[in-house]
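From just these sequences and the hints, can you work out the full model?
Be aware that the sequence shown starts at 1, since it is given in the UniProt record's numbering, and climbs by one per residue.
Calculated from the structure, these hints are not laboratory results.
The model shown is predicted, which means the values in this text are computed figures rather than measured ones.
Beta carbons: idealized from backbone N, C-alpha and C, even for Gly.
Be aware that one or more of the hints could be misleading.
[To be verified] Taking CB as the label site, the calculated pair distances span:
#1 110 / 21: 26 to 32 Å
#2 70 / 26: 30 to 36 Å
#3 149 / 94: 19 to 25 Å
#4 5 / 95: 15 to 21 Å
#5 144 / 77: 16 to 22 Å
#6 71 / 92: 32 to 38 Å
#7 125 / 9: 29 to 35 Å
#8 112 / 29: 36 to 42 Å
#9 141 / 29: 17 to 23 Å
#10 43 / 141: 25 to 31 Å
#11 129 / 26: 33 to 39 Å
#12 71 / 95: 31 to 37 Å
#13 133 / 22: 34 to 40 Å
[What the hints assert, rightly or not] As a list, the in silico SDA-like pairs of lysine to any residue whose alpha-carbon atoms are at most 20 Å apart:
#14 94 / 33
#15 141 / 72
#16 123 / 112
#17 141 / 33
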Amino acid sequence: MNIRAVSFDHPDAVRLNDQVQAEYAVRYEDDGDATPLDRADFEPPRGLYLIAYDESGTAVATGGWRAQDENSEGNLDGDAELKRMYVVEEARGKGLARRILAALEDDARAAGRIRMVLETGAKQPEAVGLYTSSGYEPCAKFGYYRFHELSMCFAKQL
Numbered sequence: 001m002n003i004r005a006v007s008f009d010h011p012d013a014v015r016l017n018d019q020v021q022a023e024y025a026v027r028y029e030d031d032g033d034a035t036p037l038d039r040a041d042f043e044p045p046r047g048l049y050l051i052a053y054d055e056s057g058t059a060v061a062t063g064g065w066r067a068q069d070e071n072s073e074g075n076l077d078g079d080a081e082l083k084r085m086y087v088v089e090e091a092r093g094k095g096l097a098r099r100i101l102a103a104l105e106d107d108a109r110a111a112g113r114i115r116m117v118l119e120t121g122a123k124q125p126e127a128v129g130l131y132t133s134s135g136y137e138p139c140a141k142f143g144y145y146r147f148h149e150l151s152m153c154f155a156k157q158l
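Written as structure tokens, this is what we have:
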């Protein structure tokens, strides 16, 4: 696998984002994740967006982080928020999400962020398993879905 940094509006990022949104829509019976995201959110040194490509050059996994500081949505100074972790169905079970997660944590730490945070949902048990097995612990809810009953928030000190 080849993991590369790309912009959030890169064609492969857009395609994978559309796929993960479609999966969210099915799981939650809605229109997908409505959290506002912008290309600039993932520009170094205040963020990073990664895509994993298989040996044929096909984009098969993605994930990013964006800097957050204390705000009205419950973030704290020094937060790095994990966004859009996704692996296409045919590439799951190969450790790609874990590799992307580790690379994002390393980059956020190098950028001076002190805590990685994420919001996922109760209908994503695979995500919860990945994060808890990677040292993430439940934390106070934050972000766009902080008042939603299916929202689950996790954090890990970097």
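Against the structure, the hints:
| no. | hint | in the structure |
| --- | --- | --- |
| 1 | 110 / 21: 26 to 32 Å | holds (30 Å) |
| 2 | 70 / 26: 30 to 36 Å | holds (35 Å) |
| 3 | 149 / 94: 19 to 25 Å | violated (33 Å) |
| 4 | 5 / 95: 15 to 21 Å | holds (19 Å) |
| 5 | 144 / 77: 16 to 22 Å | holds (19 Å) |
| 6 | 71 / 92: 32 to 38 Å | holds (33 Å) |
| 7 | 125 / 9: 29 to 35 Å | holds (30 Å) |
| 8 | 112 / 29: 36 to 42 Å | holds (39 Å) |
| 9 | 141 / 29: 17 to 23 Å | holds (21 Å) |
| 10 | 43 / 141: 25 to 31 Å | holds (27 Å) |
| 11 | 129 / 26: 33 to 39 Å | violated (19 Å) |
| 12 | 71 / 95: 31 to 37 Å | holds (33 Å) |
| 13 | 133 / 22: 34 to 40 Å | violated (26 Å) |
| 14 | 94 / 33 | violated (25 Å) |
| 15 | 141 / 72 | holds (12 Å) |
| 16 | 123 / 112 | violated (32 Å) |
| 17 | 141 / 33 | holds (16 Å) |
Against the hints set out earlier in the document, violations occur for numbers 3, 11, 13, 14, 16.
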